[in-house]
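Engineer: What follows is each chain in one-letter form.
There are 2 protein chains.
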Amino acid sequence: MQLLEQRIRATGKVCPGDVLKVNDFLNHQIDVPFVKRLGEEFRRLYKDNYISKILTIEASGIGIACLTAEQFNCPVLFAKKAMTTNMSDDVFSAPIYSYTHQQPGTIVVNREFLKPTDRVLIIDDFLANGSALSALIQLCHEAKAEVVGCGVVIEKAYQPGGKKIRDMGIRVESLARIKAMSVENGIEFCD
Amino acid sequence: MQLLEQRIRATGKVCPGDVLKVNDFLNHQIDVPFVKRLGEEFRRLYKDNYISKILTIEASGIGIACLTAEQFNCPVLFAKKAMTTNMSDDVFSAPIYSYTHQQPGTIVVNREFLKPTDRVLIIDDFLANGSALSALIQLCHEAKAEVVGCGVVIEKAYQPGGKKIRDMGIRVESLARIKAMSVENGIEFCD
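So the protein lines, in turn, are chains X and C.
First residue of the first sequence: 1, per my numbering; consecutive thereafter.
First residue of the second sequence: 1, per my numbering; consecutive thereafter.
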């Protein structure tokens, strides 16, 4: 999506440690009119797929998920990061590895909000190693809900997550795909 | 707001420890078309106040903030819960006490996103003791940004937060105000 690539080039900051900060429109400040256009693009991509629910993970997925859900007129469910792996019976849970905090964790959703009748679009801001998407997919599998596909704002295509998820047979749509990135040379997008 | 009171009566769950769970539309699952109507109500209340930015706190404030910001055509800034009180120079920070986790913490925003020219509407899901709103107001004061007012979805009016903030001379609009609440007797709203 050209509009998004332009924005990333203009205001994204490549930082040491393979970090891309897009704090001015997505991860800290949310440029709502702009992110709404990303939601419209997800709508265009998945408009024939009868989405009943959008699943994401707290915290920075929530904004893009809500502005996308508006396009589908459906609810958002955001998985919570659990403090403990000692879960109650009323949740589905899945392991996740946080690269930000360099530690393993667990995400959960209440069973009452994810059903076998749901057709789920999973939305997240970044796709790199695929840990978050894998965990969200696992929650859907636990619930026997159908994963229609994933919608990602920025994919680091040089990392293994995208291939991993697509190799599971799951559709992944990324609005910007980064081929290479470095502090020295900036950002190169996939064609 | 009658529509909201009806929804809280219908699907809210009063739990021991003075907890009101509204997980089916606000705090876990987000009923986007419904929450959008709450955003429209905040717009009606603050439409003449030239709001330039909506400030909230991760995670459950983000959805309502985004759907409200759409009405004002302005960005959202969400304060982050910091892991440490050892802050860098490029953030404004304020102390906060988490009643959920029963421990003190710190919230931060990057200085570049909160300016003296900003006219800020602070949005949050709940107002009880006022710890979160106070911290968000303090961030604005640090930044010399103007706090136009606060918009809260559910105020526990029997707790001291609302009075505390209003006594600071700050306008607080709550869409539902709870007068009393208990597992035995359910919820009573203010007139």
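Treat the hints with care, as some may be off.
No copy labels: a pair is met if it fits in one copy or bridges any two.
[Stated by the list, open to error] Here are the simulated SDA-like pairs of lysine to any residue, each with C-alpha atoms no more than 25 Å apart in a straight line:
hint, residue 1, residue 2
1, Lys21, Pro116
2, Lys81, Leu20
3, Lys80, Ala10
4, Lys81, Ala59
5, Lys179, Ala82
6, Lys163, Tyr99
7, Lys81, Thr11
8, Lys13, Arg111
9, Lys80, Arg7
10, Lys163, Thr11
11, Lys81, Lys144
12, Lys144, Asp31
13, Lys80, Asn129
What the hints contain is simulated information worked out from the structure, not anything from laboratory work.
Engineer: None of the hints should be skipped; say for each whether it holds.
Structural biologist: Hint-by-hint comparison with the structure:
1. Lys21 with Pro116: between (37 Å within a copy, 24 Å between copies)
2. Lys81 with Leu20: both (22 Å within a copy, 20 Å between copies)
3. Lys80 with Ala10: between (32 Å within a copy, 24 Å between copies)
4. Lys81 with Ala59: Classified as both; 9 Å inside a copy, 11 Å across copies.
5. Lys179 with Ala82: neither (33 Å within a copy, 31 Å between copies)
6. Lys163 with Tyr99: Classified as within: same-chain Cα gap 18 Å, cross-chain 42 Å, threshold 25 Å.
7. Lys81 with Thr11: Between copies only: 24 Å across, 29 Å inside.
8. Lys13 with Arg111: Answer is between; shortest inter-copy Cα gap is 16 Å, intra-copy 39 Å.
9. Lys80 with Arg7: between (29 Å within a copy, 23 Å between copies)
10. Lys163 with Thr11: neither (28 Å within a copy, 41 Å between copies)
11. Lys81 with Lys144: Result: close within a single copy only, 21 Å intra versus 34 Å inter.
12. Lys144 with Asp31: For Lys144 and Asp31, only the inter-copy Cα distance (22 Å) is at most 25 Å; the intra-copy one is 35 Å.
13. Lys80 with Asn129: both (19 Å within a copy, 24 Å between copies)
Checked against the numbered hints above, the structure violates hints 5 and 10; every other hint is satisfied.
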